[in-house]
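As you go down the protein sequences, you meet chains P and U in turn. Residue 190 in the UniProt record's numbering is what sits at position 190 of the first sequence, and the numbering runs on without skipping anything. Residue 59 in the UniProt record's numbering is what sits at position 59 of the second sequence, and the numbering runs on without skipping anything.
There's no promise every hint is true.
Just so you know, same-sequence chains aren't split out, so a pair can sit in one copy or run between any two.
[As the list claims (entries may be wrong)] As a list, the in silico DSBU-like pairs of lysine-lysine whose alpha-carbon atoms are at most 35 angstroms apart:
| hint | residue 1 | residue 2 |
| --- | --- | --- |
| 1 | 202 | 54 |
| 2 | 78 | 202 |
| 3 | 91 | 202 |
| 4 | 183 | 77 |
| 5 | 77 | 213 |
| 6 | 78 | 213 |
| 7 | 158 | 78 |
| 8 | 77 | 202 |
| 9 | 54 | 203 |
| 10 | 54 | 213 |
| 11 | 54 | 91 |
| 12 | 54 | 158 |
| 13 | 158 | 183 |
In short, the hints are calculated from the structure, not lab data.
Protein chains: 2
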Amino acid sequence: MAGKKVLIVYAHQEPRSFNGALKDVAVAELSRQGCSVTVSDLYALNFEPRATGKDITGSLSNPGFFNYGVETHEAYKKRSLSSDIIEEQKKLQEADLVIFQFPLYWFSVPAVLKGWMDRVLCQGFAFDFPGSYDDGLLKGKLAILSLTTAGTASMYSKTGVNGDFRYFLWPLQHGTLHFCGFKVLAPQISFGPEMASEEERKKMVASWAQRLKTLWEEEPIHCSPPWYFGQ
Amino acid sequence: MAGKKVLIVYAHQEPRSFNGALKDVAVAELSRQGCSVTVSDLYALNFEPRATGKDITGSLSNPGFFNYGVETHEAYKKRSLSSDIIEEQKKLQEADLVIFQFPLYWFSVPAVLKGWMDRVLCQGFAFDFPGSYDDGLLKGKLAILSLTTAGTASMYSKTGVNGDFRYFLWPLQHGTLHFCGFKVLAPQISFGPEMASEEERKKMVASWAQRLKTLWEEEPIHCSPPWYFGQ
Chain P
1 MAGKKVLIVY AHQEPRSFNG ALKDVAVAEL SRQGCSVTVS DLYALNFEPR
51 ATGKDITGSL SNPGFFNYGV ETHEAYKKRS LSSDIIEEQK KLQEADLVIF
101 QFPLYWFSVP AVLKGWMDRV LCQGFAFDFP GSYDDGLLKG KLAILSLTTA
151 GTASMYSKTG VNGDFRYFLW PLQHGTLHFC GFKVLAPQIS FGPEMASEEE
201 RKKMVASWAQ RLKTLWEEEP IHCSPPWYFG Q
Chain U
1 MAGKKVLIVY AHQEPRSFNG ALKDVAVAEL SRQGCSVTVS DLYALNFEPR
51 ATGKDITGSL SNPGFFNYGV ETHEAYKKRS LSSDIIEEQK KLQEADLVIF
101 QFPLYWFSVP AVLKGWMDRV LCQGFAFDFP GSYDDGLLKG KLAILSLTTA
151 GTASMYSKTG VNGDFRYFLW PLQHGTLHFC GFKVLAPQIS FGPEMASEEE
201 RKKMVASWAQ RLKTLWEEEP IHCSPPWYFG Q
């Protein structure tokens with residue numbers, strides 16, 4: 001898929017980590033295909049997660065009563081969002097596919113990546129009213145979560161202590177990505193790499209690299225409650 | 001319930017906001033009952049959300065390969081976590097009840113609060129193996145999410161565009177609070193205050209104040225899949 005643009009939003013502190021390895025093989029494989037790959041390495045960027053008044057560089061609509069959603073919507077229209085947000089929005093705007101690579105923290109993304117979602121996906125840019133879910137403003141783009149867990153696959157099954165892995169994907173895939181218009185590909189979940197052998201870890205990395213070879217041919221999931229909570 | 005200790009973990013930028021009003025009435029009502037109330041005002045504290053090596057003040061177990069979970073677990077045991085984490089752990093350790101007051105951001109908590117969870121609830125302090133779910137190390141404490149949404153209650157129903165509100169509570173109530181041993185009280189959800197009239201907003205605040213009068217008598221929810229995904 002030469003010419004396709006890919007953004008990898010990557011949230012791990014250690015370049016030599018298993019998450020780092022998954023990110024590296026994605027860069028390698030997609031580059032080999034002729035895609036143009038950009039990585040937002042959030043810890044390396046020291047990306048700001050907090051949603052505050054500093055995200056608006058111009059004057060506020062209502063300096064006496066700060067409303068983050070209202071102010072960032074206005075600032076987006078006036079092109080007065082802070083430069084780190086604008087930079088990420090540019091990368092995202094250009095991307096055909098976004099890969100989120102992260103370790104699961106508390107059944108969700110690490111705070112640095114949550115902050116990326118909170119701040120970059122602002123009203124006017126990622127969604128509007130109307131302009132959400134199938135009409136979200138990032139319509140036409142693909143997204144995939146590639147995540148690692150501490151627990152095993154059986155712990156993340158319907159009868160496991162953590163419940164089905166699809167349960168925790170709902171806020172991320174449906175409430176965030178689908179809401180913004182993305183078509184969501186089935187997640188790539190690498191279960192329990194820290195408990196696995198070196199050989200098993202290598203297999204997990206290879207399996208991700210292999211999947212990426214034909215990722216562009218995949219059908220997105222049908223992102224609605226039955227996928228998550230169906231029998 | 002005189003003598004009980006309550007920690008309110010509060011994540012809103014604007015003191016005069018609706019979230020601020022909910023926090024304020026909780027402080028007033030619980031103080032009136034004779035409880036000792038502490039507020040962690042995360043934006044006012046400029047609380048750090050990023051999980052990094054800065055959270056460990058001593059030397060790392062493995063400086064050549066940074067593993068956040070391993071290093072913070074070790075640092076907890078050696079009392080060498082950063083002072084902001086220790087401070088929150090002390091407040092949490094003393095609390096009988098923790099109230100999380102926040103606006104819903106992307107079907108979840110704002111990044112600043114996610115960071116509080118990622119950093120404060122470390123292994124050895126909040127959980128261990130064994131020492132999770134009903135045996136979590138914060139066993140004996142109560143927790144409640146008090147949150148506001150942008151959407152209406154009907155949008156957060158089984159047939160609404162956002163799905164049932166219980167779906168998005170799973171990672172927070174089960175994957176985080178229950179995992180650490182908390183007993184979880186039914187959430188206090190104030191739907192769509194920004195679309196409501198001033199009078200309706202006042203009613204929502206009053207209803208929270210009223211509920212707090214008898215909160216200590218409430219039975220916790222049965223925090224398992226049927227509560228979230230049952231028919």
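Hint check results:
For a Cα distance limit of 35 angstroms, the shortest separation of residue 202 from residue 54 across copies, 30 angstroms, qualifies, whereas the shortest one inside one copy, 43 angstroms, does not. Proximity of residue 78 and residue 202 under a CA criterion of 35 angstroms is satisfied inter-copy only: 34 angstroms between copies versus 48 angstroms inside one chain copy. Taking CA atoms no more than 35 angstroms apart as the test, residue 91 paired with residue 202 passes inside one copy only; the shortest distance there is 30 angstroms, against 43 angstroms between copies. With identical chains, the CA atoms of residue 183 and residue 77 are at most 35 angstroms apart within one copy only, with a shortest distance of 25 angstroms there and 44 angstroms across copies.
In this homomeric assembly, residue 77 and residue 213 never come within 35 angstroms of each other (Cα to Cα): the closest approach is 38 angstroms inside a single copy and 45 angstroms across copies. Proximity of residue 78 to residue 213 under the C-alpha cut-off of 35 angstroms is found in neither arrangement, the shortest distances being 41 angstroms within a copy and 46 angstroms between copies. Taking identical chains as interchangeable, the C-alpha atoms of residue 158 and residue 78 are never at most 35 angstroms apart, the minima being 47 angstroms within one chain and 37 angstroms between chains. Taking the shortest alpha-carbon separations for residue 77 and residue 202, only the inter-copy value of 32 angstroms comes in at or below 35 angstroms, while the best intra-copy value is 46 angstroms.
Taking CA atoms no more than 35 angstroms apart as the test, residue 54 paired with residue 203 passes between copies only; the shortest distance there is 33 angstroms, against 44 angstroms inside one copy. For a Cα distance limit of 35 angstroms, the shortest separation of residue 54 from residue 213 qualifies neither inside one copy, at 41 angstroms, nor across copies, at 38 angstroms. For a Cα distance limit of 35 angstroms, the shortest separation of residue 54 from residue 91 qualifies both inside one copy, at 21 angstroms, and across copies, at 29 angstroms. In the homo-oligomer, the alpha carbons of residue 54 and residue 158 never lie at most 35 angstroms apart, since the shortest distance is 43 angstroms inside one protomer and 37 angstroms across protomers.
When the C-alpha separation of residue 158 and residue 183 is checked against a cutoff of 35 angstroms, the pair qualifies both within a copy, at 25 angstroms, and between copies, at 22 angstroms.
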